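Enquirer: Protein sequence lines correspond, in order, to chains A and B. Start counting the first sequence at 195; every next residue gets the next number (this note's numbering). Start counting the second sequence at 211; every next residue gets the next number (this note's numbering).
Treat the hints with care, since some could be wrong.
[To be verified] Within a straight-line C-alpha distance of at most 20 Å, the following computed DMTMM-like cross-link-like pairs (lysine to aspartate or glutamate) qualify:
| id | chain 1 | residue 1 | chain 2 | residue 2 |
| --- | --- | --- | --- | --- |
| 1 | B | K255 | A | D232 |
| 2 | B | K221 | A | D220 |
| 3 | B | K255 | A | E235 |
| 4 | A | K348 | A | D360 |
| 5 | B | K255 | A | E228 |
| 6 | B | K221 | A | D319 |
| 7 | B | K221 | B | E267 |
| 8 | B | K255 | A | E377 |
| 9 | B | K255 | A | E249 |
| 10 | B | K221 | B | E275 |
| 11 | B | K255 | A | D319 |
| 12 | A | K348 | A | D319 |
| 13 | B | K221 | A | E249 |
| 14 | A | K434 | A | D304 |
[As the list claims (entries may be wrong)] Taking CB as the label site, the calculated pair distances span:
| id | chain 1 | residue 1 | chain 2 | residue 2 | range |
| --- | --- | --- | --- | --- | --- |
| 15 | A | A231 | B | L220 | 16 to 24 Å |
| 16 | B | G302 | A | E362 | 32 to 40 Å |
| 17 | A | R292 | B | A293 | 20 to 28 Å |
| 18 | A | S229 | B | E300 | 26 to 34 Å |
| 19 | A | A231 | B | E300 | 58 to 66 Å |
| 20 | A | A358 | B | E310 | 37 to 45 Å |
Everything labelled a hint here was simulated from the structure, so no lab data went into it. As the structure is a computational prediction, the values presented were derived from the model and not from experiment. All C-beta atoms in this analysis are idealised placements derived from N, C-alpha and C, irrespective of residue type, glycine included.
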Amino acid sequence: MTYFEELADGLRRLGVAEDRIGPLVDELSGHVAESGADPEEEFGPAVRFAAEFAEGAGGGAAADGPAADAERWVWSADASVDQAMMNRFGAQGWEIERVDHLGRFVSRRDLASPTQWEYRRDVVDRRERAAHAEALAPDGWEPCGHWLFLAYSKRPLAAVAGPAADIETPAGRPGRSYYFTRELWVPLAVSAACLGVAGGLLAVAFTTGGGGNALRGMLFGLPVGLVLGGVGAFVAYRRKRAEYARASRRPHESRRPREGA
Amino acid sequence: MAADRRANWLKGVLDLAVLACLRHGESYGYELARALDAAGLGQIKGGTLYPVLNRLEEAGLVEAEYRVAERGPGRRYYRLTDAGRAALTEQGASWLGFHEAVRTLLTGGGA
Numbered sequence: 195m196t197y198f199e200e201l202a203d204g205l206r207r208l209g210v211a212e213d214r215i216g217p218l219v220d221e222l223s224g225h226v227a228e229s230g231a232d233p234e235e236e237f238g239p240a241v242r243f244a245a246e247f248a249e250g251a252g253g254g255a256a257a258d259g260p261a262a263d264a265e266r267w268v269w270s271a272d273a274s275v276d277q278a279m280m281n282r283f284g285a286q287g288w289e290i291e292r293v294d295h296l297g298r299f300v301s302r303r304d305l306a307s308p309t310q311w312e313y314r315r316d317v318v319d320r321r322e323r324a325a326h327a328e329a330l331a332p333d334g335w336e337p338c339g340h341w342l343f344l345a346y347s348k349r350p351l352a353a354v355a356g357p358a359a360d361i362e363t364p365a366g367r368p369g370r371s372y373y374f375t376r377e378l379w380v381p382l383a384v385s386a387a388c389l390g391v392a393g394g395l396l397a398v399a400f401t402t403g404g405g406g407n408a409l410r411g412m413l414f415g416l417p418v419g420l421v422l423g424g425v426g427a428f429v430a431y432r433r434k435r436a437e438y439a440r441a442s443r444r445p446h447e448s449r450r451p452r453e454g455a
Numbered sequence: 211m212a213a214d215r216r217a218n219w220l221k222g223v224l225d226l227a228v229l230a231c232l233r234h235g236e237s238y239g240y241e242l243a244r245a246l247d248a249a250g251l252g253q254i255k256g257g258t259l260y261p262v263l264n265r266l267e268e269a270g271l272v273e274a275e276y277r278v279a280e281r282g283p284g285r286r287y288y289r290l291t292d293a294g295r296a297a298l299t300e301q302g303a304s305w306l307g308f309h310e311a312v313r314t315l316l317t318g319g320g321a
């Protein structure tokens, strides 16, 4: 993506009218063509320029639109990589505000003075969330969302690193918004395949006149399958929960003993 | 330190300087940057100049017209509005008053 494409994209996200973006990009292109300057050197980082320009151009004025001084991003990752991704994007200035009902991370990045964020994830029972947040607060952590038994916390890196946490030139917006691994895909694919096979066998049974036997078989097979599947899911849930409890990790830190609940 | 101080002064007066450059006729961004440089204000980066132009336009102090160029990208030409001319007169006088007070103080003529 060129500088001007990134700029146009940033202006669009900030609500600047389309009929203002084209002439502005033309105007700035003409400026660098005449001066021979590098666009980034002349105008600064595209996201920052877009924010400053939008502030005066009525961008973000729409009631539902993002504030002109921040950009928004909603993304998701499965639990096997979410900590790593949160800290990667936190280092790029993305602050997670909450986890929505679909388990996605609703994030914002300050455009005028972006700073780095760090995140931690702990296994916490619902009833213990408040106590957990209270225990972490003295170290500057605050809750930024929950998903099942996972509690996410954030803190500005400036709390431990001071001004070194400021970001001079923020990275562009990540190209993808979903980071799912085989940890998620494989169980989903196996479940889908099982349903597909069962459905296929039933269809064959009905088309060949064995529907009655198939239904009788289902009366036995369905409960047994549900029980076996339920037990398997519960065991997997417990194992994952224990694994995630051991794996709670923060940036600049190797694996550490689990804290909290 | 000296550069920071100068940058702060410029921040406070750049909009007036831009209005002053447009007093005798229309101009476009790069030409304005060169005019400001020639006037002794130093090289104003586009990242500083265009947001100022945009704010002046939004405030109704300048108006802009986009013209397609025969070759290369089009240009937006800015010109003063009546409100811009009035603001230049009024704010210019205010700045000169401030400048005079500081000058008097620095040259030992103050109380």
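Enquirer: Checking each numbered hint in turn, tell me which of them this model violates, lowest number first.
Expert: Violated hints (numbers, rising): 2, 6, 8, 10, 11, 14, 17 and 19; every other hint is consistent with the structure.
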